[in-house]
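Novice: Given these sequences and hints, build the entire structure.
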Amino acid sequence: MSTWWTLTVGGLASGAVYAALGLSLVIIFRATRVVNFAQPALALLSTYFAFTVNQITGTYWLGFAVAIVAGAVLGALSDRLLIRPARAHGELGSVIVTLGLLLVVQAIAGMIWTSEPRSFGYAFDFRGLFSAASVFAVLVVLVTAAGVLLLFKFTSLGLRMRAAAFAPEAAALAGVRVGLMVTAGTALAAAVGALAGLLAVPPLLYPTVLDGIFVYSLTAAVVGGLDNPIGTVIAGFGTGIGLSYVSGYLGPELVTLASLAILVVVLSVRPHGLFGRGLARRV
Amino acid sequence: MTLSLSSVVTKYGAVRALNGVDLSVPDGTLTAVLGANGAGKTTLLRTISGLVAPSSGSITFDGTEITGLPADRIARMGLGHVPEHGGVIRELTVRENLRLGGLWCRNPAFDEVLDLFPPLTDKLGRQASTLSGGERQMLAIGRALMGKPRVLLLDEPSLGLAPLVTAAIMRVLRDLRDRTGLTVLLVEQNARSALSVAERAYVLALGAVALDGSAESISVEALHEAYLGVNR
Amino acid sequence: MSLLLRHVLFALAALAAVVLVTMVVDPFTNVRIATVGYYLVAVAGLTLLTGGNGQISLGHGAFMFIGAYTVGLLVIYVPSLPFWVDLLLAGVTAGLAGMLTGAAAARLHGPYLAGATLGLAVGLPAITQRFPDFLGGSNGLAFTVNSLPVGLEVSQTQWQAWVVWTTALLVLVLLANVVRGRFGRLLRAVRDDEVAAAVSGIHIGRTKIMAFLLSSACGGLAGGLQAFLLGTAAPGSFSVALSLSLLAAMVLGGVGSLWGALWGALALVYVPAWANDVTHSLDLSTNITQNLPLAVFGAVLVVVVLVFPRGIHGAVARLWQSIRKGRP
Amino acid sequence: GERPAGGGAASGDSAPGVTGDTVVIGTHQPLTGPAAPGYSRISVAAKAMYSYINDKGGIHGRKIDYRVEDDGYNPTRTVEVVKKLVLQDQVFAIVGGLGTPTHSKVVEYLNTEGVPDVLVSSGALMWDDPASKQTFGFQVDYTREGRIQGKYIADQLPGKKVGLLFQNDDVGRDAQKGLDQFIADRTVTRQAYDPANTDVLPQVNALKSAGAEIVVCSCVPAFTALSILTAARLGYQTQFVVSSIGADPATLTGLLQDFAKRGGTEVSAPALLNGMIGTGYLPDAGRTDDPWIQLFREVHAKYMPNEPLTNTVIFGMAQAYTFAQALKLTGRDLTRAKLVQAMESGQINGPGVTPFGFSAQSHSGYTGAYVFQVNPDSTTREIQPPMTTDREQGAIIPAPTARKSPAEVALVGP
Amino acid sequence: MIELLSIEKVTVRFDGLVALRDVSLAVEDGTVLGVIGPNGAGKTTLFNVVSGLVRPQSGTIRWCGTQLHGHRPDSLASMGISRTLQGLGLFPGMSVLDNVLVGAGPLARSGPLSTLLGLRRAARDEAELRDRAMETLEGLGIAGVHAAMPSSLPYGIRKRVALARALVAEPRLLLLDEPASGLAADEIDELEERITALSTRCAVVVVEHNIDWVMRVCSRVVVLDFGEVIAAGRPAYIQNDQRVIDAYLGVPA
Ligand SMILES: Nc1ncnc2c1ncn2[C@@H]1O[C@H](COP(=O)(O)OP(=O)(O)OP(=O)(O)O)[C@@H](O)[C@H]1O
Ligand SMILES: Nc1ncnc2c1ncn2[C@@H]1O[C@H](COP(=O)(O)OP(=O)(O)OP(=O)(O)O)[C@@H](O)[C@H]1O
Ligand SMILES: CC(C)C[C@H](N)C(=O)O
Ligand SMILES: [Mg+2]
Ligand SMILES: [Mg+2]
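Protein chains in written order, with the working numbering: chain A, 15 to 297; chain W, -8 to 223; chain R, 69 to 396; chain U, 28 to 441; chain B, 20 to 272.
Because the hints were derived from the structure by calculation, they are not lab data. A couple of the hints might just be wrong.
[Said to hold, decoys possible] Here are the simulated lysine to aspartate or glutamate pairs, EDC-like style, with alpha carbons at most 20 Å apart:
no.	chain 1	residue 1	chain 2	residue 2
1	U	K90	R	D351
2	U	K431	U	D404
3	W	K114	B	D34
4	W	K114	B	E247
[Stated by the list, open to error] Derived CB-CB ranges, DEER-like:
no.	chain 1	residue 1	chain 2	residue 2	range
5	R	S353	A	G161	41 to 47 Å
6	R	F78	A	I126	47 to 53 Å
7	R	R386	B	Q86	35 to 41 Å
8	B	R262	A	G161	33 to 39 Å
9	A	L164	B	G160	55 to 61 Å
10	U	L184	A	S282	50 to 56 Å
11	B	D208	A	R296	28 to 34 Å
12	A	L91	U	D82	53 to 59 Å
13	B	E147	W	D13	51 to 57 Å
14	A	T66	R	H348	27 to 33 Å
15	B	D150	A	L91	54 to 60 Å
Glycine included, each C-beta is placed from N, C-alpha and C at the ideal position.
Specialist: Below, the structure written as C-alpha cells:
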C-alpha cells in the first residue's frame, strides 16, 4: 500500500473527528453566537461517563447512548446556568466563562478519574486501514452533518433557532421561545460534541485528551465558515488529510505550524471562511 | 376592549419612562400615540408586548392579564409589534424573515404582504442586510402582518418609507381593520398624518397621558401645549 | 499639567512605592512582585487591543514567546549587548510580528479572529522543534542574564523587580497616553463601528495594525522580561493556556482599563498561588489536591464575569464611589 | 531584609528546612496539563513511601515533609515553584524534580543557592555535570540505556532491519546516541513523534514501509501503546524494543485493556504486548519474589490501595526510598553539604538492579539496565541480566549481582 | 458657481440587481441638492459610491475637477467631504464629545509619535480640537450633553450628534442620508433653518422622504427610480412631473 494512500485514509479518519467536534461548534455558534470553549470539556465528561458505564456493564453501546444523553443534558445545564447569563456580557464575557467552565470540568474529571490515561475502545474493530471503526466514524459524521443541515435549512425549528441566536428580541416578537431554542441548540451541540468525543478519544482517555483536537476542530470550523455545517465538515476532512500529509511527508513537528498556515491562507482570502459569509452589506 | 393598561409604570434604572399610564384600545380601532421625543412612546409599546417588564400596573389583552408574560407568549396570542427602527433579522434572508412571522399562523398572509410591498418580491432570496433602509422597514411590517395578528403595535412605521408606501400601509391598515377587525396602536412622529388615519389618539408627555380623545378633537394647538408640557 | 507630566509623576511615585516594598519583603515576594510586573505589561498590551480596539486575541502568548526567545538568543549569541537593549529588541521583534498578524487579521472579526490567533498560539512555538539546534527543541534555552550593576549592594531579586517594574511603568505611561489621547479615540471608534469610523476619516486597516503592533510589542516585552527574570525560554511555557490566561486576566481585571490590567496581573499570580496554598492546607485525597487549584481558578473566572462583569476594576471603582458618597 | 546576592548558603550550621523533628523537601511534578497523564502518580507513590517511613518513626527521628508543587510541565512555572520551595518553604532539598525541559531551567539556580537537587526524574545526560555539584540524576540515562539496547539487538537479533521511533526531545536524541554505536548500519528509518499529537499512523506506516523488523521505541507509555495499536491496525508484525520509561507491562496493560474486552482474543492486551522487549533498572512490579517489590506492595496496599500497582508507582517509591536512604547516611546532624557528601559516598544501594554511578566524580543515576521480554500472560522474564556501562564507548559488563535487601538497608524501624 | 462634485454615468450592480444605472449629476458650491426616490431606488448607494464604500462597475466621479479613482472611504474626510449614515451610525461606547472629536480627526496636526509620547504639541492640538468640537455642539444646541453616552439620549438629540460629527471638520460637501427621519415637527423645522444657514458655507446633498421638507430646503432635486434618474430640476417643477408622481409621490404634494 502506498504511503500516500495510507496518509489519506488515516487523515480521513482523524478528519472525521475534527469534523464532528467542529460541527458541534457550528451548532452552538448558530444557536448562541458564542464559540464555546467548554465544548471539548462537555464532550470529555460525556466520554468519561461512557467509560464508567463500559466499565460497569461491559457494553459499549450502552455507554455510547449514555454519553450522548449526558452530553445533551450537560449542554442544556451549562447553557441555563452559565452561558446564558454570560451572554449578557458580550463575546468576551462568554469566551471567558466557557474557558472557566473548561478548566473546572477538566479538574473535576481529574478528581474523579485521575489524570492518568484510561483505555477506551473503538465502536468497531479498529484493525485495517479502512477499519470498521473508521468507516463508522466517517458515516456518522456525514449523517449528522446532513441532519444538521436539514434542520437549519428546511425546518421551522432550525429557523427559530437561528432567529433566536441572531436577534433574540426580534425573534421573541415573532413568537419564538428564545430561551428554549437556545437551550435546545446548546443541548444538540453538546450531544454532537459527545459523539465527537466518543469518536476522538480511542484509544486513550485522559482529561486533556481533547485539547489538541479542539484546536484542529476550531481550525476546521473557522476555515469552513462557522455558520456552515457542510463547509465545516468538508474543512474538517480537509484539515485531517492535510495535516496527515504534513505529518507524513514533512514531519510531525510541523503539524501545528501547518494548521496555522491553513488558517492564515484561508482567512486572508476569505475572512468568513471558505464557505461562510458575513453580512453582505454594512451600510 | 382589546387592550387596556392601568397605572403602568416602567423604569430604566432610575428613569421612569412610563409613569402611571392608563390607556385603552377598543376592538377594531386605529389609535394613535403621539408625544415629543423621549415622551415614552416606544417604552409604552415595548411594555405592552413584553419586551420590558413594568414595575407596577396591569395590562390586559382580550381580558387576559398579560403583565409580565414573556414576549413570545404575547406574540403567539396574536399581538404583533413592529419595533422602532425595523428589527429585521439581517442575517436571514427576506423569505426566512417572512416565514418566521408566519410560523404560528395556519395560512400566513404571504401573498398579501408581497402585494403590499412589491420591492420584496424579487428579493426573497437575498440576505435582509442587503436591503435598503426602506425595504427593511417594509420587511419588518410585512413580518408582523404575516402572522395575521389581532392587535398590531407600530412604532414609527413610516420611518424611511417613501410617501406612496406610507399611504399604502395606512390604506391596508384601515382595510384590515374593516375586514378583519384588526386593532392598531400607532406611534408616529408625524402627528398630522397619524391623526388623519386614526380614530383616537393619546398624547404622552413625560411618561404619562397628557391628552386623549377622538382624533378630530385633538387640535394642533392642544397638541402643541401637550408637547410643550415637556418643558414646563 | 500636561497628560504626560501627570502620568510620569504617577509612574515615578509608583516606582518609588515598588522599590520601597521590595526593600522590606522577603525574596520570594520579590520574585512574585517581578512576576506581576511582566504579566502587567502583557495584559495591559492585550487590553489596548481587545478593550480599546475590540480585537480579541487568543494568541498573545505567541508574542511573549517571540520576546522571550529574542532575549534568550541575544544573551547567548550577542552577550555583549546590555540587557536593556535585549529587552528593547524583544519588544521590537514581537511588534513586527504583531504588525504582520495585524495585517492578516485586519479583516477578521469575532470568532474568526479568535480562531486565527489561537492558531498562532498553538503553531508558533512549534518552530522550536523545526530548529532544535538553534532554538533548543522542546528543552528550549537556558541562560543567565547578569544585569546587576557592579557595586550595587542589593539582592538579585530586588534588582530584577526594579528592572521589571521600571519597564512596566514606562510601558504603562505610553499606553496611558495612547488610551487617553487621540489614538485611543481612533481605536475605540473602529471598535464601535467600522463603517462610521471609515467615513469619519479613519483608516481602518492601519488603525487595527497599529493596535496589534503596540499590543504585541507589549507582549514581546513581557516575554523578554520573563526571560530576563527566569533565564529560560522553552516552548512548553508558551502554550495556549498562557494566551488564554492572559485573556482571562484581562477580563478578570476589567476590560479596557490599565488599572484592570494591574488587578488581572495580580490575580494571575496570586489566585493560583492562593488556591494552591489553601488546597495544600486542607487534608484531601491526592486526586482532589492535584486538581483543585485548577478548578478554583476556573470557578473564579466564571464568578467574576457573572457577578462583576466589569471586572475587579469595576468592583473596586464602585466600592470607592460608595465610600466617597458615604462620607459626610 | 534580604541576603545580598552572591552569598551562597551551601555551608553553615543550621540547614534550611530542618528542625528537630522534621525535614522539609520539595519537588516539582506535572500534576495537571499535558504531561500529567503518565506522571501524576509518581508523587502519589513517593508520598505513600514517605508516609510509611514517617509512620515508622522517620529518619533519625525526623519526619519527612514532602511538598509537591504542580508545574504543569511548563518550564516557567517550574522556575517559579522551585523558587517558592526554596525561598518561601525553605526546603532542605529538591528531590526528584520531573522532566528535562522543566528541570534543566532550575539546575543553575539550585546550584548557586546551594540547594541539593537530587534524583532528578529524567534520564537526560545533563544531570551529571561537574559544574552542578548539587545535582544528581536518578534514572539510567537515555544513552546508556540506548547502548545496552543496541548491543542486545546487535548480538541477539542479528541481521534484522531496525526502525527507530522516538519522542522528538532529548529522550529520543540521547537514546539514538547510544543505539547508533551498535545498530546505525541496520537502521532503515528514524521516525519522531510529537508528544502533543496522538496520531502516529504516519510514523508507524513509515516504519512498516521501510520494512523494519525491529522497532526501537524511545517512547513514554502512552505512545508505546499508541504505536502498538497502530501497528496492529496496519497489520504490521514487528518486534518492539522499548525503553524503560515506556515499557511497563502493568501500565501498558491498563492502557490497552479495553481492547481485550471488545475485540476478542486477537487484540487483547496480553496478545498485543506478548513478546515485547523492554529494558529496566528497577525490579518489575510483577516480580513478587523480589524483596523490594514485596516492600513496595506492602506500602501500596496500606497507603494507596485504590491505585493500580504499576511500575510508575514503583518508580516513585524507589525514588523516595533512595532519598530516605541518603538522609539516613547523612546522619542526625543534617546539613546540605553533608547530604551531598552522603550522595557521593557510593554507599547508596537501593531498589534498582544496577548500581548508581554516584561518586565525587560522577552524579549519574543508575548505570545500566536489564533486558526483559513480556510473556503471553503479561508477566515478564529477564532475557539479559543487568548490565552496567558508561555513556561513552566503555564496555558493557554484567552488573554486580550483590544487592542489598530492604532488611539489610534497615532504613526504619527498631 | 464651482462644480464641486460631479458624477458621470455611474453604474452599480449587486449580483443581478442594478442599483444605479448610468447616473449623472453635479453638485455646485453653495447649493442644497435633494435626492429623492422610492425605497430601493439607489439613493444610499449613490452616497456609498461617492464615499468609496461601494465600487461602481462603470462611470467616473470627480471632486473639484480631479477624478477619484478607487478612493477609500477614509480618504474623503480630509478632502472635505463628510457624510452621515442612514440611521445613526454613532459610536455607542463613546461619549458625545468623543464622537464628535472622531469627526474632527482630519483637522489634527500632531503626528502619531507625539500623541504616543503625550508631548505638549499633541496636548495643544487636542485642546484645539476639543474647543472646535464644543463649538460645533453649541452651534447645534447640544453642548450640555457632551459628556453623555449616546444611548441615554433621545433620538432627536442623537441625530444632532451625528450631524455634529459630520460638521465639525468643516467639510465643503456634506452628504446627509435621511436627516429628518424620526424627528418631531419642531425639530424638522429647526433642521431646515440649520441647513439653509449651512449652505452658505458648503454644498449639501440630502436624501430624504419628507417631501414637504425637501421642497422647502433644496434648490434642486434629483429623482431616482430603479437606479435611474427620472427627473431633475427645481422643486416646483419636480413636484408636478407625472413620472415622479407615479413612482414616488402618489399625489402632488
Ligand atoms: N434602555 C434605556 N435605558 C435608559 N433610559 C432609557 C432607555 N430607553 C429609553 N430611555 C429613556 O426613557 C424615556 C422614554 O424613552 P422612549 O424611547 O420610550 O421615548 P419615545 O417617546 O419613543 O421617544 P422617540 O420619539 O425619541 O422615539 C427617555 O427619556 C429615554 O431617554
Ligand atoms: N450590498 C448590497 N448587496 C445587494 N444589494 C444591495 C446592496 N446594497 C444595496 N442593494 C440593493 O440596491 C438597491 C438600492 O439600495 P439603496 O440602499 O441605495 O436604496 P435607497 O434608495 O437608499 O432606499 P431607501 O430609501 O429605502 O433607503 C436596493 O434594492 C438594495 O436592496
Ligand atoms: C521519565 C520521564 C520523566 C521522561 C521525561 N519525558 C523527560 O523529560 O525526560
Ligand atoms: Mg421611540
Ligand atoms: Mg437609503
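Novice: Each of the hints needs a verdict: does it hold here or not?
Specialist: So, going through the hints one by one against the coordinates:
1. The straight-line distance between the Cα atoms of K90 of chain U and D351 of chain R is roughly 17 Å, inside the 20 Å bound, and the hint therefore holds.
2. At roughly 30 Å between alpha-carbon atoms, K431 of chain U and D404 of chain U are farther apart than 20 Å, so this suggested pair is violated.
3. The hinted pair formed by K114 of chain W and D34 of chain B meets the criterion: a straight-line CA distance of about 11 Å does not exceed 20 Å.
4. Distance restraint check for K114 of chain W and E247 of chain B: the Cα-Cα separation of roughly 19 Å lies within the 20 Å cut-off, and the hinted pair is therefore satisfied.
5. The hinted range of 41 to 47 Å is satisfied by S353 of chain R and G161 of chain A, whose Cβ atoms lie roughly 43 Å apart.
6. Hint check: F78 of chain R to I126 of chain A, Cβ distance near 49 Å, so the stated range 47 to 53 Å holds.
7. Distance hint for R386 of chain R and Q86 of chain B: a CB-CB separation of about 56 Å, inconsistent with the stated range 35 to 41 Å.
8. A hinted range of 33 to 39 Å is violated for the C-beta pair R262 of chain B and G161 of chain A, which are about 53 Å apart.
9. For L164 of chain A and G160 of chain B, the Cβ-Cβ distance of about 57 Å falls inside the hinted range of 55 to 61 Å, so the restraint holds.
10. Taking 50 to 56 Å as the suggested C-beta distance range, the pair L184 of chain U and S282 of chain A conforms, at roughly 53 Å.
11. As the Cβ distance of D208 of chain B to R296 of chain A is approximately 33 Å, the hint placing it in 28 to 34 Å holds.
12. Our hint of 53 to 59 Å for L91 of chain A and D82 of chain U is violated, since their Cβ atoms are close to 44 Å apart.
13. The supplied range of 51 to 57 Å is met by E147 of chain B and D13 of chain W, whose beta-carbon atoms lie about 53 Å from each other.
14. For the hinted restraint 27 to 33 Å between T66 of chain A and H348 of chain R, the CB-CB distance of approximately 29 Å keeps it satisfied.
15. Checked against the hint of 54 to 60 Å, the C-beta distance between D150 of chain B and L91 of chain A comes to roughly 56 Å, which is consistent with it.
Checked against the numbered hints above, the structure violates hints 2, 7, 8 and 12; every other hint is satisfied.
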